[in-house]
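Enquirer: Take a look at the letters that make up each chain.
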Amino acid sequence: MTDAIPPARADDEIAAFRMAGRPGGAPLTADIAAFLEAGQTVALAAGGRGDYPVCAMGIGCRVLCPAPGTLLIRVYLAAAANAALLARVRAGGSVGATLTGVDHRSIQLKAAHGRLVPTGAEEIALLHRQVAAHRDWLEIVGFPRDFAETLTCFADDDVACIEFLPERVYVQTPGPGAGSRLE
Amino acid sequence: MSAAIDLERLRPSMEGVVAAVLATCDAEGQVNVSLISQVHYVGPGLIALSYQFFNKTRRNLLETRRAAVTVIDCATAERYRLSLDYLETDTEGPVFEAMRARLAGIASHTGMAGVFRLQGADLCRVSAMEQVPGPALPSPPAGPSRLAAARRVAERLRGAADPGALADAALAGIAEELGITHAIFLAADAGERRLFTLASLGHAETGIGSEIAYGEGLAGAAAQSFAPVRITMMTAEYRYGAAVAGTARSLGLDWDRARTIPFPGLAMPGSQMAVPLRFGDRLCGVLLVESPEILRFSHEDEDALALIGDQIGALMVALDADRAGEEPGEPAAKDGPACIAIRHFDRDDSVFIGHDYLIKGVAGAIFWRLLQEHAASGRTEFTTRELRLDPALRLPGNAENFDTRLILLMRRLEERAAPVRLLRAGRGRLRLALSAHPVLSEADAGSSARAVPDPA
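From first to last, the protein sequence lines stand for chains A and B.
Add 661 to the 1-based position in the first sequence for my numbering, that's all there is to it.
Add 1421 to the 1-based position in the second sequence for my numbering, that's all there is to it.
To be clear, the hints were calculated from the coordinates, so they are not data collected in a lab.
The beta-carbon is built from N, C-alpha and C at its ideal position, and this holds for glycine as well.
Mixed in with the good hints there might be a few duds.
Per the computed footprint, the stretches of chain B lying under chain A, defined by three or more beta-carbons under 8 Å from a beta-carbon of chain A, are [to be verified]:
| id | stretch |
| --- | --- |
| 1 | 1433-1446 |
| 2 | 1469-1476 |
| 3 | 1549-1556 |
| 4 | 1583-1596 |
Pulled from the structure, derived: some chain A residues nowhere near chain B, Cβ distances all over 10 Å [said to hold, decoys possible]:
| id | residue |
| --- | --- |
| 5 | Val715 |
| 6 | Met718 |
| 7 | Leu733 |
| 8 | Glu784 |
| 9 | Asp817 |
| 10 | Val820 |
Away from chain B, derived, C-beta distances all over 10 Å, residues of chain A [to be verified]:
| id | residue |
| --- | --- |
| 11 | Gly685 |
| 12 | Leu725 |
| 13 | Cys726 |
| 14 | Pro727 |
| 15 | Arg796 |
| 16 | Leu812 |
Generate the whole structure from the sequences, applying the supplied hints.
Expert: Below is the structure:
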């Protein structure tokens, strides 16, 4: 399906991260931030000690820069379908988000805690743009249009948002170097 | 309804079409989340995760032995969330082989060949499951019942009088009842751990007599693992031309195309499935089916073909036992004019008629034995019993599949329009029908050409 799209390499991600500037020692490069907001497959999970984690498919992602060198990640998911995951976050559980592109490029962000914040109207518009891009690449890799639409659709009034400080960032792209922490 | 019963209905979510989300935690409770290309349905209440890299997921799984996975139905986009307890890791056996083949297909289809490689199948018990509320497409129409189709195929097999007729009935049955357009019926040589083609469906070249070793390609994987193996998105790794030649070369073997009957098969299959033909713990053969379409064979097709495969296996054993019980006959007449050179290579019992390769292995040895006996005594009629008991043939074990080898030989002679044919001549009897005068020579033992008595 994706023969025309060369797979990304974890080694390249690590090298690019080391080469790129990160103003104020931010945990992400501008390139990674752009990737996260470009409309990827969003895998989310919340966990805690001694219990099963809870995982879900998310809708999209936003990278905020409230102060130089400080980044906040917001990930969005359907609220009603993911009550257990949201409850786990609310109870202080750890948070993980992995965003994966059509070329298998994959970045994971982790935090010991996150918090739930309201979703603004401008964020809903951002999510629609991201989902449209995601849907396009699902079609490129061979999924029928109706399947891609069903997989990615969401209700504007049913979007929850988890906000967290990305304490650790990992490259998850399959192959040598996969799982390496970017620092 | 229990989790175990529900899980079977989730099988369309475990085709490897849509990546699943997998989450684990470390001992401190920090969650790790990743996409996983394969969640494999093992049985009621059991799934297996593909272990490809020793990464954080793997470390967490071994440390806390708990995970959660979200799988997505490849037809409806419905999502299901499962809580998992890790049990153990298989690095061989049927689950591992089935996953390895499937993963190779997924990798090939997603541009990740050479990156995705299964190291183990992490077996997990499903402790809880729930459907995630959300939009879904309607389920596709159920289509004809595979169980009823399997039953009809089984009924068609019952009248088969020999393994050749059984293979023909099986291929016709799966074509008409299951809509399968391309298939290869392979009989097993347990001693040599090889499979040889007895019949095929839908291919320009029948490939009768072509061989592969256990472990080669998808049919070889089914033979080796003694379990069905299915690839929904085909990969070059399991294609036969490359597999056979590559394996031979990697083992340092002489890849002798002249002595090899090309294996039949689609040049660019989209899907393949191989089921073993089993009776108890005995492997009688493998049925390989393929299609140019991707996602052609479902779990339900696998269920049906596995049932049919075991029915064929039982019938092959029963037919072999029937033939062994038949009584010997007596020598008889002669036939045929002209001359034809027939060469035998002792090292692998390969036989050439003129310059054309005919067959090798046990079938080659049987044919050569008949020709030698004919040369020495003029006999054209033989009994299967004398061949079974002939120490010169060095038949493996208790001559399992003996009749299958005879059928293979007969079909190969017929297909090549050979001037020597082997025909049934009543219960337990065989007849050499000669339209030319065979001149025999041992090709790798110097020139010892020997003319047979004038066939009458």
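Enquirer: Which of the listed hints are broken here?
Expert: 4, 5, 6 and 16
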